[in-house]
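K.L.:
Could you put together the complete structure from these sequences and hints?
So the chains spell out like this:
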Amino acid sequence: MSKELISLSHISKSYDGQLILDDLNLVIHENEFMTLLGPSGCGKTTTLRIIGGFETPDQGKVIFDGQDITALAPNKRQLNTVFQKYALFTHMDIADNIAFGLRIKNKTDQYIKDKIQYALKLVNLEGYEHRMPDSLSGGQQQRIAIARAIVNEPKVLLLDEPLGALDLKLRQDMQYELIRLKKELGITFIYVTHDQEEALTMSDHIVVMNQGYIQQEGTPEDIYNEPENAFVADFIGDSNIITATMVKDELVRILGHEFPCVDKGFGTEKPVDVVIRPEDVELVPRGQGAIPGVVSHIIFKGVHYEMEVQAGGFEWLVHSTKESPVGTEVDIRVDPFNIQVMNKPASEDEQALGVEEA
Amino acid sequence: MNRKTNPVEKIYMGIIFLFMYAPIVTLIVLSFNKSKSRAKWGGFTFQWYLNLVQDSEVLNAMANTLIIALIATIVSTVIGTAASVALTGMKRRTRSLIMGVTNIPMINADIVTGISLMLLFKVLHFDAGFITVLIAHITFDIPYVMLSVLPRMKTISPSVYEAALDLGAEPFFAFRRTILPDLAPAIISGSLMAFTMSIDDFIITYFTKGSGFDTLSTKIYSEVKRGIRPEIYALSAIIFVAVLILLLLSDRMKLQSGKLASRARAGGNEKIKKIGGIVALAGVSLAIILMALAFGGVFSKKSTQVFVYNAGEYIDPEVIELFQKETGIEVVYDEFESNEIMYAKIASDGAAYDVLCPSDYMIAKMISNDMLMKLDWPELPNAQNYIGRQYYESAQAFDPSNEYAVPYCWGTVGILYNREMVHESVNSWDILWNPKYKGEILMQDSIRDAFMVALARRGYSINSVDPDEINTATADLIEQAPLVQAYVIDQVRDKMIGNEAALGVIYSGEAIYTRRENENLEYVIPDEGSNVWIDGWVISRDARNIENALAWIDFLCRPEIALMNFEYITYSTPNLAAQEMIEDEEIRNSKVAFPDDETLSRCDTYVSLGEEGDRLYNEAWKKVKSAD
Chain Z
0 MSKELISLSH
10 ISKSYDGQLI
20 LDDLNLVIHE
30 NEFMTLLGPS
40 GCGKTTTLRI
50 IGGFETPDQG
60 KVIFDGQDIT
70 ALAPNKRQLN
80 TVFQKYALFT
90 HMDIADNIAF
100 GLRIKNKTDQ
110 YIKDKIQYAL
120 KLVNLEGYEH
130 RMPDSLSGGQ
140 QQRIAIARAI
150 VNEPKVLLLD
160 EPLGALDLKL
170 RQDMQYELIR
180 LKKELGITFI
190 YVTHDQEEAL
200 TMSDHIVVMN
210 QGYIQQEGTP
220 EDIYNEPENA
230 FVADFIGDSN
240 IITATMVKDE
250 LVRILGHEFP
260 CVDKGFGTEK
270 PVDVVIRPED
280 VELVPRGQGA
290 IPGVVSHIIF
300 KGVHYEMEVQ
310 AGGFEWLVHS
320 TKESPVGTEV
330 DIRVDPFNIQ
340 VMNKPASEDE
350 QALGVEEA
Chain B
0 MNRKTNPVEK
10 IYMGIIFLFM
20 YAPIVTLIVL
30 SFNKSKSRAK
40 WGGFTFQWYL
50 NLVQDSEVLN
60 AMANTLIIAL
70 IATIVSTVIG
80 TAASVALTGM
90 KRRTRSLIMG
100 VTNIPMINAD
110 IVTGISLMLL
120 FKVLHFDAGF
130 ITVLIAHITF
140 DIPYVMLSVL
150 PRMKTISPSV
160 YEAALDLGAE
170 PFFAFRRTIL
180 PDLAPAIISG
190 SLMAFTMSID
200 DFIITYFTKG
210 SGFDTLSTKI
220 YSEVKRGIRP
230 EIYALSAIIF
240 VAVLILLLLS
250 DRMKLQSGKL
260 ASRARAGGNE
270 KIKKIGGIVA
280 LAGVSLAIIL
290 MALAFGGVFS
300 KKSTQVFVYN
310 AGEYIDPEVI
320 ELFQKETGIE
330 VVYDEFESNE
340 IMYAKIASDG
350 AAYDVLCPSD
360 YMIAKMISND
370 MLMKLDWPEL
380 PNAQNYIGRQ
390 YYESAQAFDP
400 SNEYAVPYCW
410 GTVGILYNRE
420 MVHESVNSWD
430 ILWNPKYKGE
440 ILMQDSIRDA
450 FMVALARRGY
460 SINSVDPDEI
470 NTATADLIEQ
480 APLVQAYVID
490 QVRDKMIGNE
500 AALGVIYSGE
510 AIYTRRENEN
520 LEYVIPDEGS
530 NVWIDGWVIS
540 RDARNIENAL
550 AWIDFLCRPE
560 IALMNFEYIT
570 YSTPNLAAQE
580 MIEDEEIRNS
590 KVAFPDDETL
600 SRCDTYVSLG
610 EEGDRLYNEA
620 WKKVKSAD
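Heads up: the protein sequence lines correspond to chains Z and B, in order. With numbering that gives the first Met the number 0, the residue at position 261 of the first sequence is 260, and numbering never jumps. With numbering that gives the first Met the number 0, the residue at position 255 of the second sequence is 254, and numbering never jumps.
Calculated directly from the structure, the hints in this document are not laboratory data. Among the hints, erroneous ones may be present.
[Stated by the list, open to error] Under the rule of at most 27 angstroms between Cα atoms (straight-line distance), these lysine-lysine pairs were calculated in the DSS-like manner:
1) B/LYS435 <-> B/LYS622
2) B/LYS153 <-> Z/LYS84
3) Z/LYS343 <-> Z/LYS321
4) Z/LYS106 <-> Z/LYS182
5) Z/LYS84 <-> Z/LYS168
6) Z/LYS84 <-> B/LYS90
[Claimed, not checked] Partial chain Z-side listing against chain B, Cβ under 7 angstroms, derived:
7) ALA70
8) PRO73
9) ASN74
10) GLN77
11) PHE82
12) LYS84
13) TYR117
14) VAL246
15) PHE299
16) PHE336
Glycine included, every Cβ here is placed at the ideal spot set by N, Cα and C.
P.N.:
This is the structure:
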């Protein structure tokens, strides 16, 4: 793994007596696309603003490239930010917007001109130098905001929900655009979003946050396939989260029916939570599966059908390419590899760590 | 129903506009009227506007107005904008609390704001004048700036500012380049509003200006007291048009600012810059022109001034000119209507008058209230050499050691009668009780003078506070009431000249004047005695230009100057050398103007009655007047 670039240690921050971040520790490596993911109010934006220098933590340190920058003013930090609402300077044209940072650094006119050309090319907006920001679309404005940030050659680019204000199609295009930019620039991106799909698509590393605590860190695959608790499981994609009992190693009792699984070490007859992704639930004809049920709802989603099945007193969410009309009697079957067993939070502290739904 | 064809709406609108603009249209039309009459159209003229431009006092006031407005606008715009920015960053509760407090000067009645500022300045020992008015204007301008800037500030996302910081800008540079351009239309609109309010203000200015400093509004007010000149119509018309233009510009700014907020176009900013530039340029050039005009006025005068507060029509205006010419001291001259009004003004707002001319009893009151300064006699050689000893002695009744006052005018109270109508010798106040002259008698409509007549007739002291004596006098006055034609003051003179009455109580100074107009009028001081009064120059304890005040007093004691004044106002002068120089032998030897010592020995000056005495007299006077 590449070297550590930023590390946050024991960061706490509160507003008006309300704790936003509590003893947060986080390491960001060079050249990674790291995403802070969580519902609004989880502390992800505050974390980003502390890195950017717009907030000062009540406690803890921010180390950047080996130096303590906790008290350094934002204009002295070697990083740049792309804001949610673009924050372009509306009374300056595009070229002046992009040149803003370079002029402050007293770069030569030729250098600035070259940089503007380079940046506009990078964001696919060549020829827009003399347009005013308000005459551009939202997506174009966001790309200008990115161009304005990257011409300063920051080591880290902070992006605060940069696609939040765009419509769905544009958002998807911009996701690929950002991945491409990241590769071309070869710098670190720290990205804040509440959109799990965005996070899964773009990131090298995801940090799931809730109520000021980090819930889980890992690659998109880790986070999706092996959520460590019910909050993560619920927040990342759709899930069936069911209270169950671990009978013994590799055997779990779900809704009164025993299922083989691959998890071990939870003890015997222990209450647990199990997560089963909707696409991992198989509907088989009556008599061939573990739990009998009836399809109660179905909608067509394009790539698959989304169905609700009443089985064993639980409403199962099922994704399948095969259609089963409402009223069909089916059995539920789950492959042992697709059952994810999680510890139930035992203490109140653990509960506060984020099991509560967002 | 088709809206366009509804005549009621149009008529209604028409009436509203008529009510709103008819007075102003009248004013503007009259400002071009050649005839001074308000009722007659005498043809079109620019005369009043031309007169205005040549009137240095008006130009001075105009310069003051604009300088105050300009500085107040600049300062309040900076403070108001800074406050708006700071408030936006605050928590909501703190913000609404502070907004409430800062809005008070705007919703508060002007008169309350004015008086409280005046009191504050007094407590802090600020000299009322340019600075106090400026501070007051800044105070009430700030909320107007905030009213315009704060809503705009709330629409500006702080991330634009943060983006600038993020790109390496220092905080102030970031503010200047990001937030300020977005605020500009609101700031300009707010400052125009503040400028208008400042130009417009009368009440607060009136209470904080002190003496000798005027803005246009206070100048107009003082002019109106003397009767409205057509120049004032012209001036008012100019102010109206100026304020109208400013308001239109301010509205335009707000409109632009609103457009910008909703959907700014590339050209919008350019336009605002242009308009802003034009406004700023116009403002600055206007200010420079007027400052240049007023240069000889406002700034050069400060050093050598004297603030004089005298009774109305109590000096030859030429004397003021001569004094200014000779000494180079500028005289700021104000007039009062009565001793009581003068006293109230000095006691209440500490108006910075240096030198005053009250009457005897008022001088006594001011001495006892520690409002006067002891005179520096070596600086007053003329006052020592030419004012008669006997007048200083008389003055000891109210100024026991002759420390405070230099006698200026003096006189007696007596009976003026028409020889054609009264065919007997008049030597007693008794004649005013003679039923023969029923309806032909004029009494002074003043407590002291009326009771003086009644008390003297009975042989009592004219300063008596003995309840029995006052009761007797009251009964006498009530008994006399049916015979009296009227209780009046100035009209005694006019009615006697016009043969409208046979007998009247009058001051000796007026008697000399009436004699010129009507040969049959004769003035007599009755044998029972009467009042002799003295008005004197004194220096206020708060005087700032003491040397100039002394120079003023001593100048008035020069024989030739005292003579000029005597001939102009016809009240007796205590200046012996001036008395010698009176050319008209008849007047020089007149017993009316200069009664002999024997007559004077029968006369007393008024002394202060004290609180209890004042109360007794007031109650008795009420009884007399209700019997009238």
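K.L.:
When the nearest CB of chain B is found for Z/GLN77, is that gap smaller than 7 angstroms?
P.N.:
Constraint on Z/GLN77 not satisfied, violated at 10 angstroms.
K.L.:
Taking 27 angstroms as the top limit, are the C-alpha atoms of Z/LYS84 and Z/LYS168 close enough?
P.N.:
Answer holds: Z/LYS84 to Z/LYS168 is near 18 angstroms, not above 27 angstroms.
K.L.:
Using Cβ atoms only, decide whether Z/PHE299 comes closer than 7 angstroms to chain B, and label the hint accordingly.
P.N.:
40 angstroms, violated
K.L.:
Is the shortest C-beta separation between Z/VAL246 and chain B less than 7 angstroms?
P.N.:
54 angstroms, violated
K.L.:
Does Z/PHE82 hold up as a contact with chain B if the rule is Cβ-Cβ below 7 angstroms?
P.N.:
4 angstroms, holds
K.L.:
Holds or violated: Z/LYS84 as interface residue toward chain B, Cβ cutoff 7 angstroms?
P.N.:
Hint holds; Z/LYS84 Cβ to chain B Cβ min 6 angstroms, cut 7 angstroms.
K.L.:
Going by Cβ atoms only, is Z/PRO73 closer than 7 angstroms to chain B?
P.N.:
Constraint on Z/PRO73 satisfied, holds at 5 angstroms.
K.L.:
Given the hinted pair B/LYS435 and B/LYS622, is their alpha-carbon gap at most 27 angstroms?
P.N.:
25 angstroms, holds
K.L.:
Could you check if Z/ASN74 really has its C-beta closer than 7 angstroms to a C-beta on chain B?
P.N.:
Constraint on Z/ASN74 satisfied, holds at 5 angstroms.
K.L.:
With chain B as the partner, please determine if Z/ALA70 meets the hint condition of a C-beta pair closer than 7 angstroms.
P.N.:
Z/ALA70 check fails; min Cβ-Cβ to chain B is 15 angstroms, beyond 7 angstroms.
K.L.:
Was the hint right that Z/TYR117 lines chain B, CB cutoff 7 angstroms?
P.N.:
With Cβ-Cβ at 17 angstroms, over 7 angstroms, it is violated.
K.L.:
Within 27 angstroms, alpha carbon to alpha carbon, are B/LYS153 and Z/LYS84?
P.N.:
16 angstroms, holds
Of the hints listed earlier, those the structure fails to meet are numbers 3, 7, 10, 13, 14, 15 and 16, in rising order.
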